[in-house]
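Chains as they are written, first to last, in my numbering: chain A, 1 to 427; chain B, 1001 to 1263.
It is worth saying that the hints were derived from the structure and are not from the lab.
Among these hints, one or two may not hold up.
To be verified - Subject to a maximum C-alpha distance of 25 Å in a straight line, what follows is the list of computed BS3-like cross-link-like pairs (lysine-lysine):
#, chain 1, residue 1, chain 2, residue 2
1, B, Lys1228, A, Lys3
2, B, Lys1027, A, Lys349
3, A, Lys223, B, Lys1057
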Amino acid sequence: MKKIYNFLRSMRFGIFLLILVALCCVAGSLIPQEREAAWYVQQYGATHVTILALQLNNIYKSWYFILITALLCLNLTLCSVIRIRSVVKAAKSEAQRAAGMRDTMLLSPDELDTLREHLLKKRCESEQIGEVTVYRKRGYGRYGSFLLHLSILLVVLFGALTLYTPKVTDMSCLPGESLHLEDGTEIAVKDFQIEDESGRIDYQSTVMVVLPGGKASGWQTVKVNYPLSCGRYKIYQNTYATAGSVTVTNLATGGQDDILLTELVMLSLDGMHGIWFEALYPDIIMEPDGTATLVTATAGRYPNPVYEILVADGTQFSPMFAFPGDEIEAGGLRFHFNEPVEYPGLRIKKVSVLAQDLLIAAFVLMTLALFITFFLPPVVVKVDGEGCAVGGPKPESMRMELEALFPDAPEAAPEAASAKEQEEERE
Amino acid sequence: MKILFVVVIVLYAASVALQFAGAAFKKDKLLKASWLVFVAAFAVQSVFFVARGVAAKRLPLSNQFEFSFAFAWGVALMLIILRSRLKADWLSVAAMPMALLILTYAALQPMEIRELMPALRSAWFGVHIGSAVLSYASFVIAGSIGLRYVLMEKKHREEDQKALRQMDYLSYRLVAFGFLFLTIVILSGAIWAEQAWSAFWTWDPKEVWALITWIIYAVYLHLRLRKKHSGVKMAWFLIIAVPVVFFTFAGVNTLLPGLHSYG
Ligand code: HEM
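Here chain B stands alone, though its shape is the one from the complex:
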């Protein structure tokens, strides 16, 4: 199992390296190779994911290792879907390193399979955490598009205008998708908490940070509707929101005490 994980991480690192090399030397072959390696990494990662689920006899989403592993998988999945549907090769530059970064975080977590604690044995478990993976992954990709937007906008080229508009729209769609799923995370979590602990909401730090994240993206959605704010400002907004997503996902468990600190 461990070896498979190492293979996954090495493949992702290789694809990111190829990506940067391809971009630096303007070699399309390298970029193509990078993408192939990335897809291969994703395939191996999926195998690992399934194998772990089989070995643990449950959804492999219960501790920090499993969740961050799934988070990276979600980012890769979303990138692959977006790239194949939109022919937007440029997505890779920013989103690939994100997948690698999250996976590196996973590598730092204890990896052994442990028995699920009783509170986690619930039908809501899959809904709650699966939605979190989708939601956070889309916020992270939206943030990486924002980064690309800011870099491209700096050049002030007339021919980029359409691409910029498309990027702005795509990141908005991703936020909308992520926001829907974050809402599902919070609401399913509330229903689950009522069954497990008797209250829908306990102001536990993890809940509170999910709410903060939710509010941040609600503000984004409102500001964008007003159309008074330029694309760059909104792109910066998305970039700055990513660390908040990471904090909600990882920082809260390690830095703030609460019921969600499962390990």
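Chain A on its own, in the form it takes in the complex:
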């Protein structure tokens, strides 16, 4: 029992799990994830059976990846808990233990003076214990790696929470219209533009969120990198598309209607005469010989929009192009083609704001903890009449510093006992 427990909390097991995570990541980046099953059949032939059986097509949600992550969390929890106990315990007796260390560096009286001065200049606190002085500073530095592992644990936990709990939907909305979500939230879009004032591509919409309780965000600009937050909702600029726009006048009654054209549709009074809207193209290239090539790439703007339509006259259909400003009469209706209208595709995310804030707090903690671990290690130096020794949980930096300070000082053999002690502190 004790053996299993020791293994579960060991650094060796932690490293093993980390390597497994890395291997899963390699597989997951080489094999495209979450495609249709048919895609794997086509791409990998017979191998697709193995890929699907091992869940390599969706590895980050496979049972074994989740198990590895869970074990990593367990391992991190155990090792953090164990460590904090031994670190606190070791801290209490640190000065005493340092005083008992054998010198590892032998120094002349002059050098000893230099050393003492050096340590005091570095703002170490000194403590006299019998014949020896123990210089110490940055005691908090010892908690760096505890905080680090704790923060990694928190990042994994809150990360999983924010990754798998939000509800995300992509919807598009024409300017002037609103989206109504299941819970009664309304998302209204006032306008949308592809370019900013200087003509640079910069998709932006003016959007308002009205929550079921009546709380509203007010009109706000939503663009890439600048989502709108309101309550638990976040609204992102995701994609955009362009719709045709036509003003239809009933020649008999004079009635008028503005219609946005996004898909194949017939505009007609009797279902027999009128026009079919087929598609809207951004540009058309007319060759000298009279043939026309339609440009289909929709990246960016519609410099010369073209409506492709069929004029229906009973069973007769004649294909036609129409440009903004053109007018066509058919079936008792007059169609005035307008400039197309651009509209945004919005991504709507419903999320726990608290979980997100906690995750970001864990990010900050992790960065701080790493900084403390590597750049603010505790200093413990014992000095007596013959030389000095560096102790504490992280002696290496100070040892190298002293070695640089006294490059010619003879070294005494490192003390076996203190090395063992450090090793114990680690485990």
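Following the hints, position chain B with the ligand against chain A.
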């Protein structure tokens, strides 16, 4: 602009050539000249860097050319700082060719200035990519120290022991520094991705390879703490990790499809 770039690359190549000549014929004068040329190359490179930023009216870090150019600049900067602070002339042998290698990769990339796509216009852009430059540069220099370590250790000379210990320590410090900045790269990237694409993490290949790199160096840091592994083993570890860094930085964009394939 193009001419300035050619000057930079020629100067770096010259400094590397002088370095090798100096080492081969044991001529200190050549080594000194090599260093002067290297510093000059770095100065011209800095001018190019600033000029490009001014011309593009933004941080010049947005595509493969600009990023690899900055990466080489980071390696050179770090080498210059380390050499002047530590008087460790031997660093040049391995690290100089690295700067040249990365710059050669930059030369193969399309160089024209293009408008920044909307997703890249963010305050996080500078933090994210600037940290990546620092992080990768320190891993690469740590790897070159590892190389030097392995070569020196082969000779089994008693008088080298102290130098070996210092090299081992210096490469560990570099990894610690690089690891801190790689962490910042990943975390700032996550925050940015949440603002731009709505999710902190999407298992995009570039993210995943940054994580793999991060894990590799975390394993290094743990193994080194145990003190059970000899300096040579750890040096080999650092050497083998460098190709992974290069893959994360360049290979992913060209070989694996994903959101980060900006060009
Ligand atoms: C998940 C990723 C992990 C990262 C990035 C990480 C990072 C680190 C780093 C950077 C250090 C060096 C600290 C120093 O120099 O003092 C360290 C130390 C250590 N790590 Fe981890 N670690 C991870 C996971 C684990 C796990 C799973 C264990 C399992 C037990 C573990 C156990 C330890 C131990 C025992 C130490 C020595 C602590 C000390 O010196 O106080 N780590 N870790």
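Taking the hints in turn, this is what the structure says about them:
no., hint, verdict
1, Lys1228(B) - Lys3(A), "holds, 21 Å"
2, Lys1027(B) - Lys349(A), "violated, 66 Å"
3, Lys223(A) - Lys1057(B), "holds, 21 Å"
The earlier numbered hint that this structure contradicts is number 2, and it is the only one.
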